Amino acid sequence: MLDAKTLRNDPQAVAEALEARGYTLDVDAYEGLEARRRELQSQTESLQQKRNESAKAIGKAKQAGEDIQPLLDAVATLGDELKAAETELSDIQQQLQDLYLELPNLAHPSVPAGMDENDNLEVRRWGEPRAFDFKPRDHVDLGEALGGLDFAAGAKLSGSRFVVMQDQVARLHRALAQFMLDTHTREHGYRETYVPYLVDETALLGTGQLPKFAEDLFAIANFDRNLHLIPTAEVPLTNLAADAILEADQLPLGFVSHSPCFRSEAGSYGRDTRGMIRQHQFDKVELVQLTRPDDSYDALERLTGHAEVILQRLELPYRVVTLCTGDMGFAAAKTYDIEVWLPGQSAYREISSCSNTEAFQARRMQARWRNPETGKPELLHTLNGSALAVGRCLVAVLENYQQADGRIDIPAVLQPYMGGTEWIAP
RNA sequence: GGAGAGGUGGCAGAGUGGUCGAAUGCGGCGGACUUGAAAUCCGUUGAGCCCCUCGGGGCUCCGGGGGUUCGAAUCCCUCCCUCUCCGCCA
Numbered sequence: 001m002l003d004a005k006t007l008r009n010d011p012q013a014v015a016e017a018l019e020a021r022g023y024t025l026d027v028d029a030y031e032g033l034e035a036r037r038r039e040l041q042s043q044t045e046s047l048q049q050k051r052n053e054s055a056k057a058i059g060k061a062k063q064a065g066e067d068i069q070p071l072l073d074a075v076a077t078l079g080d081e082l083k084a085a086e087t088e089l090s091d092i093q094q095q096l097q098d099l100y101l102e103l104p105n106l107a108h109p110s111v112p113a114g115m116d117e118n119d120n121l122e123v124r125r126w127g128e129p130r131a132f133d134f135k136p137r138d139h140v141d142l143g144e145a146l147g148g149l150d151f152a153a154g155a156k157l158s159g160s161r162f163v164v165m166q167d168q169v170a171r172l173h174r175a176l177a178q179f180m181l182d183t184h185t186r187e188h189g190y191r192e193t194y195v196p197y198l199v200d201e202t203a204l205l206g207t208g209q210l211p212k213f214a215e216d217l218f219a220i221a222n223f224d225r226n227l228h229l230i231p232t233a234e235v236p237l238t239n240l241a242a243d244a245i246l247e248a249d250q251l252p253l254g255f256v257s258h259s260p261c262f263r264s265e266a267g268s269y270g271r272d273t274r275g276m277i278r279q280h281q282f283d284k285v286e287l288v289q290l291t292r293p294d295d296s297y298d299a300l301e302r303l304t305g306h307a308e309v310i311l312q313r314l315e316l317p318y319r320v321v322t323l324c325t326g327d328m329g330f331a332a333a334k335t336y337d338i339e340v341w342l343p344g345q346s347a348y349r350e351i352s353s354c355s356n357t358e359a360f361q362a363r364r365m366q367a368r369w370r371n372p373e374t375g376k377p378e379l380l381h382t383l384n385g386s387a388l389a390v391g392r393c394l395v396a397v398l399e400n401y402q403q404a405d406g407r408i409d410i411p412a413v414l415q416p417y418m419g420g421t422e423w424i425a426p
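For what it's worth, our numbering labels the leading residue of the first sequence as 1, then goes sequentially.
Hints listed in this document are in silico derivations from the structure and should not be mistaken for laboratory results.
Note that this is a predicted model, so its numbers are computed, not measured.
Backbone N, C-alpha and C define an ideal beta-carbon position, used for all residues, glycine too.
It cannot be assumed that every hint is accurate.
Derived DSS-like pairs: lysine-lysine, alpha-carbon spacing no greater than 30 Å straight-line [unchecked claim]: (1) 60 with 376; (2) 62 with 83; (3) 60 with 50; (4) 56 with 5; (5) 60 with 83; (6) 5 with 62; (7) 5 with 212; (8) 56 with 83; (9) 50 with 83; (10) 62 with 50.
Distance ranges between label pairs, derived from CB positions [as the list claims (entries may be wrong)]: (11) 211 with 78: 33 to 41 Å; (12) 187 with 97: 36 to 44 Å; (13) 419 with 212: 26 to 34 Å; (14) 130 with 265: 29 to 37 Å; (15) 12 with 213: 21 to 29 Å.
Can you build the whole structure from these sequences, using the hints too?
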């Protein structure tokens with residue numbers, strides 16, 4: 001959510017900034033609502049003041065044993081007037097709130113302007129894609145040959161975009177998650193956290209999935225609360241700070257969570273239908289940081305670095321791109337995507353997305369810290385990043401470490417997690 | 001799933017219709033005393049929002065929502081959460 005004061009003070013400037021993100025703000029409609037709100041709020045509050053004063057007067061008069069009937073007569077219509085004003089005010093406030101909740105975040109000045117992924121800016125590359133002396137196979141072929149990836153079984157149980165992993169591939173998947181968790185907790189200082197995989201609408205509103213992107217989520221039926229499966233652990237992790245006021249010396253605060261993620265993938269029919277690149281369910285190790293506002297951009301660099309370390313240790317080539325204004329997510333002020341090299345596709349594919357949302361989410365969920373300089377609670381900045389998507393990382397290991405005979409070498413850092421296994425073979 | 005108890009300020013805990021945003025204690029902050037600390041004493045200490053002639057003025061919040069009333073932390077309805085006992089269960 002954007003700062004109401006910023007919007008009030010210069011709606012035109014905000015509208016222009018939003019335009020860069022492909023969002024058109026109807027400034028006239030907004031200003032009309034805002035003017036009406038102002039008028040109604042003043043009116044309502046002065047009626048409330050009148051009510052409070054007369055109620056007190058009646059109380060005193062009654063205690064003094066005076067006749068209160070004249071006082072009661074004087075406020076006979078006040079209740080109805082007040083109720084009408086309050087109803088109208090809360091209606092207009094709801095309309096404003098609805099509008100605010102649909103506005104995307106403003107991009108940081110360092111974010112390149114652009115329409116879509118073609119306008120993203122490559123920041124750096126790490127590692128050299130391996131030269132194969134045979135035609136590299138993709139993870140589907142490799143995994144099925146290993147007997148460890150069973151897309152037919154996934155489809156039998158749950159339909160398309162589900163997979164069953166078994167044996168050494170399942171173990172490799174587990175090893176990846178373990179390795180990531182250990183690295184982030186032991187070396188990067190994140191607090192290991194397991195979270196609910198079902199969250200309520202307040203949490204989803206807080207991180208920005210709702211109200212706009214309900215169709216991307218799985219909702220739970222047959223339950224009297226409106227719970228949704230998490231699309232990312234970012235939702236429960238970030239919402240840990242909701243309604244909290246943290247002390248300055250607690251910051252920055254970092255959480256890491258290994259969790260499944262559930263996405264309906266509405267609107268991506270026909271995209272990445274082969275393999276486990278785009279599944280309805282996948283595992284992810286997620287990092288979330290809560291920082292002081294003046295530290296959040298340094299924190300974004302650090303957090304992105306933490307994700308990169310995983311790929312470096314796995315010796316998987318990747319590149320980092322800055323998303324342009326048009327390609328960023330709703331809540332982000334700045335996002336780095338990390339793309340890993342997939343020989344099966346001869347392409348870099350997203351394996352991590354690291355974002356600074358500044359105060360956008362914090363404002364929605366009232367996540368604050370006490371600034372020692374002012375003594376007042378102020379909004380935190382929140383950041384999140386995958387480090388990494390475990391499923392896609394498995395894909396990358398299979399494809400990058402494949403040998404001509406279908407054997408997969410196990411990256412050195414994972415071997416301890418695989419009981420010393422150096423390679424797996426069909 | 002059954003029975004009961006309860007949700008109040010950072011914490012503990014009073015408050016069952018009127019000047020209560022709310023006693024008291026602890027904690028925090030400032031000060032006095034002290035060489036320093038402890039103890040003691042004094043003061044202070046919630047959050048959000050609106051208006052403003054920048055002096056200030058006002059509104060809202062006692063788990064959430066709704067209702068009764070001139071007036072609700074207090075009464076009624078409803079939902080959520082916590083605790084205790086029983087049942088069930090990983």
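Each hint, compared with the structure:
1. 60 with 376: violated (37 Å)
2. 62 with 83: holds (25 Å)
3. 60 with 50: Satisfied, since the Cα-Cα distance of roughly 15 Å is no more than 30 Å.
4. 56 with 5: violated (35 Å)
5. 60 with 83: Holds, because 25 Å separates the two Cα atoms, which is no more than 30 Å.
6. 5 with 62: At roughly 44 Å apart (the allowed maximum being 30 Å), residue 62 and residue 5 break the hint.
7. 5 with 212: Satisfied, since the Cα-Cα distance of roughly 23 Å is no more than 30 Å.
8. 56 with 83: The given pair, whose Cα atoms are some 19 Å apart, holds under the 30 Å limit.
9. 50 with 83: holds (13 Å)
10. 62 with 50: Status holds; Cα separation ~18 Å.
11. 211 with 78: 33 to 41 Å: About 36 Å separates the Cβ atoms of residue 211 and residue 78, which means 33 to 41 Å holds.
12. 187 with 97: 36 to 44 Å: Holds - the Cβ-Cβ distance for residue 187 and residue 97, about 42 Å, lies within 36 to 44 Å.
13. 419 with 212: 26 to 34 Å: violated (46 Å)
14. 130 with 265: 29 to 37 Å: holds (30 Å)
15. 12 with 213: 21 to 29 Å: holds (27 Å)
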